[in-house]
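Novice: Numbered according to my numbering, the sequence shown spans residues 75 to 420.
Worth flagging that the hints you see were computed from the coordinates, not collected in a lab. In this text, all values refer to a predicted model and were calculated from it rather than measured experimentally. Think of the CB as a built atom: it goes at the ideal place given N, C-alpha and C, for glycine as much as any other residue. Hints are not guaranteed to be accurate.
Claimed, not checked - If you anchor each label on the Cβ, the simulated ranges turn out as follows:
hint : residue 1 : residue 2 : range
1    : D157      : D244      : 42 to 50 Å
2    : P323      : G85       : 20 to 28 Å
3    : G173      : D307      : 53 to 61 Å
4    : L155      : D307      : 52 to 60 Å
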Amino acid sequence: MAGMLATCQPGCEGLLARELGAAGVAGRETGPGWVWTDPPPAGAVPESAFAHWLLPAAHELRGAAVNALALQAADFFQAALGDERLAAPWPCVWAAAGGVPGLTRRMAAVDKAFHERLRRGRARLARLAVPEPPRHPGPARGLFVFFVSFDRAWIAREAVLGGQRRMADDPAAPSRSYLKVEEAYGLLGAEPQAGETVADLGAAPGGWSYSAAKRGARVVAVDNGPLKGGARDHPLVTARAEDAFRFQPEPGRRFDWLFCDLVEEPHHVLRDLVTPWLARRWCRRFVINLKFGRTDPVALLAELRAPASPLVAHAASCRLRHLYHDREEFTAVGTVGAPRRPRIQA
């Protein structure tokens, strides 16, 4: 049965299905953290903010026993590999849908049996297998397996990765929001460097400011609320008790980074903060969170991707994602400058 498997954060299946439907890809079936769809039109994989994995040519595995599923996976891999030579480390990533008791253990057992078969037949290939996906988003080739039940999984050689990943906490970080910006660096493929400057608008309690400062960047943290934890009294963090919407760089000054994680209506943030900062090029790179709790997230995505959006009109590049550590919000990362097509990257 030809089709595409899309995975996401459990609870976001309906939003992912709607997003893909708006792109012309109809959903057939959903489960906790996944959507099975029609094949993408003309083989074009749609852009998705909610998808963690997109497996455009997934093959279904079914079996009641661990060894039966492992054998099917091994047979699929051998047939799909053909004459291809894998001389470098390659991703061999197994995952399971959330909310199904015992499914992760089941997946791990099949994974172990598959690797035992692979080692017996192709030991060198097995040694090169890496159990983690590439960090950066985009197309990847290897082997990707996703279990949706004890007797059913989807397997593919090709994946389009969204770039979401779980991050390690830091005891000195003032808040959970620290994890969001740490994850966002991987999505952008860059992070603040020593000596760079950061404007953190809506900084309190300071998770994002701390993240930049611990890398050696100099941060102006703008918020009427107090900083806490590792951000408070940090020598590289200057706290400014001001309205984030009114703060502007000094004439002739340009920040290397704009951080913005305001609990505000997203259109207000886009119109009154993001647009001037990007249009006037007050920053070089940006990490911006937009809350969608009181608006339709799929409609908001369409607005963010439209030509009139500041993320399109004033950014040289931009990626939009619902990150692993995001709640009811999107994270936009990118660079500022003359826009080029495609402006919103997959």
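Novice: With reference to the structure, classify each hint as holding or not holding.
Specialist: Quick rundown of the hints versus the structure:
1. D157 - D244: 42 to 50 Å: holds, 47 Å
2. P323 - G85: 20 to 28 Å: violated, 39 Å
3. G173 - D307: 53 to 61 Å: violated, 42 Å
4. L155 - D307: 52 to 60 Å: Roughly 56 Å apart at Cβ, these two residues keep to the hinted range, so it holds.
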